[in-house]
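Asker: Chain by chain, the residues:
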Amino acid sequence: MAKKTARRKVSKTEEKNGKLSAKDRKTLKSIGGLAEGVNKAAFRGRDPHLEIPSRSLSNVRYNKTKRFIEMGRGKNRRELFNLSQAKSYMQTVLVGNGCRQLINAGKTTSIRGLYYLLKHTIEGTREETFDEQKDCDPIIEDVEVMLSALREELHLYAKNAGAMVGPITLVDSGDEIDCSRMGSGGYSIPSIAEPEVVQFKRHTAKFVLHVEKDTVWRRFNEDKFWQEHDCILTHGGGQPPRGVRRLLHRLHHELKLPVYCLLDNDPWGYYIYSVIKQGSINLAYESKRMAIPAARYMGMRSKDYERCGLSSSVTIGLNDNDVKRAKQIAGYPWFANKKAWQKEIDLMLQNGFKLEVEALINKGISYVTQEYVPARLDDRDFLD
Amino acid sequence: MDIDRNIEGKGVPGLSPQATNGKRSPATENGRTRVAKSGTRRRRTTAQSMAAQQRNISVSEFFAKNRHLLGFDNPRKALLTTVKEAVDNSLDACEEAGIVPEIWVRIECAKGNRYSVAIQDNGPGIVKRQVPLIFGKLLYGSKFHRLRMSRGQQGIGISAAGMYGKLTTGKPVKITTKISVRKPAHYYEVEIDTKHNVPEIHNGRGEGVDIPPGEKGRAYMQRHGIEWVSHYAAAEGQTPKELRSGTRVTIELEGKFLRGRGSVDEYLQQTAIANPHVTLHYVDPEGQERTYERSTTELPVEPKEIKPHPYGVELGHLVTMLKDSKAVTLSQFMTSAFSRVSAAVARRICEAANLSTRASTRKIGRDEADALYQAIQQTRISNPATDCISPIGEDLLLKGLHHVVPGEFYAAATRPPAVYRGNPFQIEVALAYGGGNSVEKLTYEVLIELLGHSDARTLRQFLVNTFDGIGSDSADRIIKSSGFGSRQSPARMGPADIKSLLDAMQNVTLSEKQSMQIMRYANRVPLQFQAAGCAITQGVINTNWRSYGLSQSRGGMPAGPVTVMVHMASVWVPFTSESKEAVAAYPEIEKELRLALQAVGRKLGMYLRRRKRVKQEGERRSIFLRYLGEVATAVTEINGGDRQGLYEQLLKVAKRKTAEADTNLDSRGRAIVESDEDYGRNVLVVEQRPEDLLVGLAKTDDEQKQLF
Numbered sequence: 001m002a003k004k005t006a007r008r009k010v011s012k013t014e015e016k017n018g019k020l021s022a023k024d025r026k027t028l029k030s031i032g033g034l035a036e037g038v039n040k041a042a043f044r045g046r047d048p049h050l051e052i053p054s055r056s057l058s059n060v061r062y063n064k065t066k067r068f069i070e071m072g073r074g075k076n077r078r079e080l081f082n083l084s085q086a087k088s089y090m091q092t093v094l095v096g097n098g099c100r101q102l103i104n105a106g107k108t109t110s111i112r113g114l115y116y117l118l119k120h121t122i123e124g125t126r127e128e129t130f131d132e133q134k135d136c137d138p139i140i141e142d143v144e145v146m147l148s149a150l151r152e153e154l155h156l157y158a159k160n161a162g163a164m165v166g167p168i169t170l171v172d173s174g175d176e177i178d179c180s181r182m183g184s185g186g187y188s189i190p191s192i193a194e195p196e197v198v199q200f201k202r203h204t205a206k207f208v209l210h211v212e213k214d215t216v217w218r219r220f221n222e223d224k225f226w227q228e229h230d231c232i233l234t235h236g237g238g239q240p241p242r243g244v245r246r247l248l249h250r251l252h253h254e255l256k257l258p259v260y261c262l263l264d265n266d267p268w269g270y271y272i273y274s275v276i277k278q279g280s281i282n283l284a285y286e287s288k289r290m291a292i293p294a295a296r297y298m299g300m301r302s303k304d305y306e307r308c309g310l311s312s313s314v315t316i317g318l319n320d321n322d323v324k325r326a327k328q329i330a331g332y333p334w335f336a337n338k339k340a341w342q343k344e345i346d347l348m349l350q351n352g353f354k355l356e357v358e359a360l361i362n363k364g365i366s367y368v369t370q371e372y373v374p375a376r377l378d379d380r381d382f383l384d
Numbered sequence: 001m002d003i004d005r006n007i008e009g010k011g012v013p014g015l016s017p018q019a020t021n022g023k024r025s026p027a028t029e030n031g032r033t034r035v036a037k038s039g040t041r042r043r044r045t046t047a048q049s050m051a052a053q054q055r056n057i058s059v060s061e062f063f064a065k066n067r068h069l070l071g072f073d074n075p076r077k078a079l080l081t082t083v084k085e086a087v088d089n090s091l092d093a094c095e096e097a098g099i100v101p102e103i104w105v106r107i108e109c110a111k112g113n114r115y116s117v118a119i120q121d122n123g124p125g126i127v128k129r130q131v132p133l134i135f136g137k138l139l140y141g142s143k144f145h146r147l148r149m150s151r152g153q154q155g156i157g158i159s160a161a162g163m164y165g166k167l168t169t170g171k172p173v174k175i176t177t178k179i180s181v182r183k184p185a186h187y188y189e190v191e192i193d194t195k196h197n198v199p200e201i202h203n204g205r206g207e208g209v210d211i212p213p214g215e216k217g218r219a220y221m222q223r224h225g226i227e228w229v230s231h232y233a234a235a236e237g238q239t240p241k242e243l244r245s246g247t248r249v250t251i252e253l254e255g256k257f258l259r260g261r262g263s264v265d266e267y268l269q270q271t272a273i274a275n276p277h278v279t280l281h282y283v284d285p286e287g288q289e290r291t292y293e294r295s296t297t298e299l300p301v302e303p304k305e306i307k308p309h310p311y312g313v314e315l316g317h318l319v320t321m322l323k324d325s326k327a328v329t330l331s332q333f334m335t336s337a338f339s340r341v342s343a344a345v346a347r348r349i350c351e352a353a354n355l356s357t358r359a360s361t362r363k364i365g366r367d368e369a370d371a372l373y374q375a376i377q378q379t380r381i382s383n384p385a386t387d388c389i390s391p392i393g394e395d396l397l398l399k400g401l402h403h404v405v406p407g408e409f410y411a412a413a414t415r416p417p418a419v420y421r422g423n424p425f426q427i428e429v430a431l432a433y434g435g436g437n438s439v440e441k442l443t444y445e446v447l448i449e450l451l452g453h454s455d456a457r458t459l460r461q462f463l464v465n466t467f468d469g470i471g472s473d474s475a476d477r478i479i480k481s482s483g484f485g486s487r488q489s490p491a492r493m494g495p496a497d498i499k500s501l502l503d504a505m506q507n508v509t510l511s512e513k514q515s516m517q518i519m520r521y522a523n524r525v526p527l528q529f530q531a532a533g534c535a536i537t538q539g540v541i542n543t544n545w546r547s548y549g550l551s552q553s554r555g556g557m558p559a560g561p562v563t564v565m566v567h568m569a570s571v572w573v574p575f576t577s578e579s580k581e582a583v584a585a586y587p588e589i590e591k592e593l594r595l596a597l598q599a600v601g602r603k604l605g606m607y608l609r610r611r612k613r614v615k616q617e618g619e620r621r622s623i624f625l626r627y628l629g630e631v632a633t634a635v636t637e638i639n640g641g642d643r644q645g646l647y648e649q650l651l652k653v654a655k656r657k658t659a660e661a662d663t664n665l666d667s668r669g670r671a672i673v674e675s676d677e678d679y680g681r682n683v684l685v686v687e688q689r690p691e692d693l694l695v696g697l698a699k700t701d702d703e704q705k706q707l708f
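Going down the list, the protein sequences come from chains A and B. Per the numbering used here, the first sequence runs over residues 1 to 384. Per the numbering used here, the second sequence runs over residues 1 to 708.
Take these hints with a grain of salt, some might be off.
With a cut-off of at most 20 Å between alpha-carbon atoms, the simulated SDA-like pairs for lysine to any residue come out as follows [stated by the list, open to error]:
hint	chain 1	residue 1	chain 2	residue 2
1	A	87	B	625
2	B	657	A	66
3	A	66	A	303
4	B	657	A	37
5	A	134	A	111
6	B	615	A	55
7	B	363	B	380
8	B	480	B	453
9	B	655	A	82
10	B	499	B	446
11	B	652	A	44
These are calculated hints, taken from the structure and not from any lab test. Being a predicted model, the structure only gives us computed values, none of them experimental.
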């Protein structure tokens, strides 16, 4: 009996969704599949479970031909009737339901918003569905990989981070934006940079220069570096969020612009480069839409201390953690076979210090925009 | 002359004026002569004058000065020791006479810190001429010279209590005793003459008073203010039965009445546990009456008196025995004075000692005695007969413990008798698990009273010292949750403070961190002090309780709501001191303790494992149940299905799943069916209703794992 009614109602909800986009319908269908799985298992007297692709280091591998990190086939089984998994099972279903609500309403929210949307006290107990946002975030990622739907497709976004300026005009949610007329703040890169939201209109840029931080980016913007060199200038506020990476990916693939990165010469900077180039371990399932294998590393280089004649006062000593992390990075399969990178990391370890991009200001306020980067561009002195 | 020299020898050169000047005169080389000559040192005493002071020290004088040796070190303990000695004597007397004991204990606050302690029994009574000696002479008794299991040993206890009473209050000991219904009772007021260790009788011109039997006597007692319980308590509507015989001792002494650990209350409770054949009536100084009813009318088997075993005799003792013996030949002596020595064994011993079996006992000198002693140690002699010990028995242990200690699981084990140094002994262990602790039954009024009586300086100290089962850990948690400072004084607490303390005490779950309670007994007498130095405590600590499902830190007491009682029965219990507070650790005793503790531990382990399984099942189900509703809601919201239908369906699966998970699989993956009857003998499981178990669960696991 119950089975029949359930099916009839499913079809009803689908009808109601007629006005939704094709992408949304696809997402809803996969969420519905999730629910149907529970239903089926329950009525057959089986143990309901979910198959969630594993997002651990052990389940990613470096694809040498595609040159980015891919997710393996490893899956984790999450069971309702397993003491340690019951709660996260419940949470997964809740997140699925939350996303369904968002899609049906045609709205998006932040992951924090979803956390609040789903947070309530479980009936008859004093226990919360989610105690903290950090309980919710990994579940959202689980749902993403499980449904192989992107966060954007679930109508979720992260906070905006990163900015862009340059000779490019684009359309963001219907508004035309000329990125060469953005003042000192630049165009704030949205967390959803999918073609549905952002379309490129025209551009005259020759390359993309991605810098690590806001402070460096402002130097370049103030010196109108992008005007002089015809480039798009972006930053990601440290480790670039998905929106920035997605936009870089699109600039590179759709507009065929090379991407150069100007990052700090420390393990953290190396890893930012690695994420832009090959994708991250945690979001390995999105590598094909985010990784830019052709990106190039411009600096800072370990040899810059001598090459630029920097003062020893602007160096920062490596701590134990840095050394450990550097060795770890050198051991990643995508760095292991690159002699230049091995040399680079070795030299940093030999130096015993790291160099931030800002350190170049010691040589002159605009040294970085007028001498350092132009020289690198002229020499084509990049690391792969 | 010798003494002279010694005294002068003490004239250290450093004391002479010359030496202090730092000048080294030649005379200092011969300091002795110098001092004598100069006459700066007066002769303090002479041998003659010293001899005038040297005299006999009476035992009673010695103990009057060293009362701590007998357990009268402080007022609190003095009160306890007095009750204890009297009750122990009463029990011994009743059992020896074959009377099912009934004992009345009444403690009254006379004035200030003086207490009047009265103990009456229904024992055989005491013959008139013996009364003064028993209560007014130290080291007078029937039990010292024989090897027989009894509570008392030396004949010091009750007369020492009387002596202590006299020392602190000046009042004599009052004794009323009656040996038959028809014969007159005797009333004595006795005190001990500490100088000579002889009794002094105060009343009836030094003769005591005879009280006629029957109605006349009762009138006389009332007139003279002599207390006497003349009838047993009877149920409503029945005529009370008259006491045929008995003895009542009243001692007034300086003491201090406190509750908690090491108190009279505790002693009587523990006595009731180990003596399930005794009925105890107890009236405390506040007038509260408590009765511990007997759970059996069966008296313990009468222990037999035995002759000493050769292994247990020391050289000095052997020499005295030889001297006292009426036997003519060595062989005769050996076979008559010792147990387990047959003529053949005696011959072997004599051969080993190179002595003739027909040698006269008179002619055995010190060297021969030594040889004999060595020979005894080398000869194999069978162990002494063990029927001289009367253990409580597993059944009665369980009964007694269940009667007094609330719990859900009880187990007992009695080891077969064993022997240490030629003395037979037997170890018994009983264990109670679960049940409420003393704190749960606590009321506001009682707490106020306890606080008022306590002499603890801090609240923490008060909690740890007053309550069973509160260790320092639990005390800290209570104090923390009640919001007091760590140095809060228990004396300065207002009603609101006390209320919040009570709340905290009842809300903090103690069962997890509670440490095991140990009740130690020697010949059915509870041992309340010097726990750390006792072989029994050490035995408990050295047992690995972790393998029986209790938590235990290394070298520490196991934790959990467990009470263990350990009884050592022996013809001669090896105490570490005269106040009889701790059992000495002989390897044989340690071994038996270990085996007995392990026996009950195994049973407890079985019970706990079984209980844990039931508990886990409940928990597992509850966790699933908690999330099923959410899952059903979310799923039906997604696909628009029937929530109730799905929920019920999921519930069905959940129940089946948990049941499956709970069946244990053996190594081949087959389900093991465990029967409930495999605890073995001597286990008592008090059925707990499932609701109770759930309540207990919800309480111990915070709200996190709350059930619904």
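Asker: Work down the list of hints and note, for each, if the structure agrees.
Answerer: We went through each hint and held it up to the structure:
The hinted pair formed by residue 87 (chain A) and residue 625 (chain B) meets the criterion: a straight-line CA distance of about 11 Å does not exceed 20 Å. At roughly 45 Å between alpha-carbon atoms, residue 657 (chain B) and residue 66 (chain A) are farther apart than 20 Å, so this suggested pair is violated. The hinted pair formed by residue 66 (chain A) and residue 303 (chain A) fails the criterion: a straight-line CA distance of about 30 Å is larger than 20 Å. Distance check on the hinted pair: residue 657 (chain B) and residue 37 (chain A) sit about 18 Å apart at the alpha-carbon level, within 20 Å; holds.
Note on residue 134 (chain A) and residue 111 (chain A): the hinted pairing holds, with a Cα-Cα distance of about 10 Å set against a maximum of 20 Å. This hinted pair does not check out: residue 615 (chain B) and residue 55 (chain A) have alpha carbons roughly 35 Å apart, beyond 20 Å. Restraint check for residue 363 (chain B) and residue 380 (chain B): not satisfied, since their Cα atoms lie roughly 26 Å apart, outside the 20 Å limit. Of the pairs offered as hints, the one joining residue 480 (chain B) and residue 453 (chain B) is violated, with about 23 Å between alpha carbons and a cut-off of 20 Å exceeded.
Distance check on the hinted pair: residue 655 (chain B) and residue 82 (chain A) sit about 13 Å apart at the alpha-carbon level, within 20 Å; holds. Of the pairs offered as hints, the one joining residue 499 (chain B) and residue 446 (chain B) holds, with about 12 Å between alpha carbons and a cut-off of 20 Å not exceeded. With a CA separation close to 11 Å, the supplied pair residue 652 (chain B) and residue 44 (chain A) stays within the 20 Å bound.
The structure fails hints 2, 3, 6, 7, 8 (numbered hints given earlier, in ascending order).
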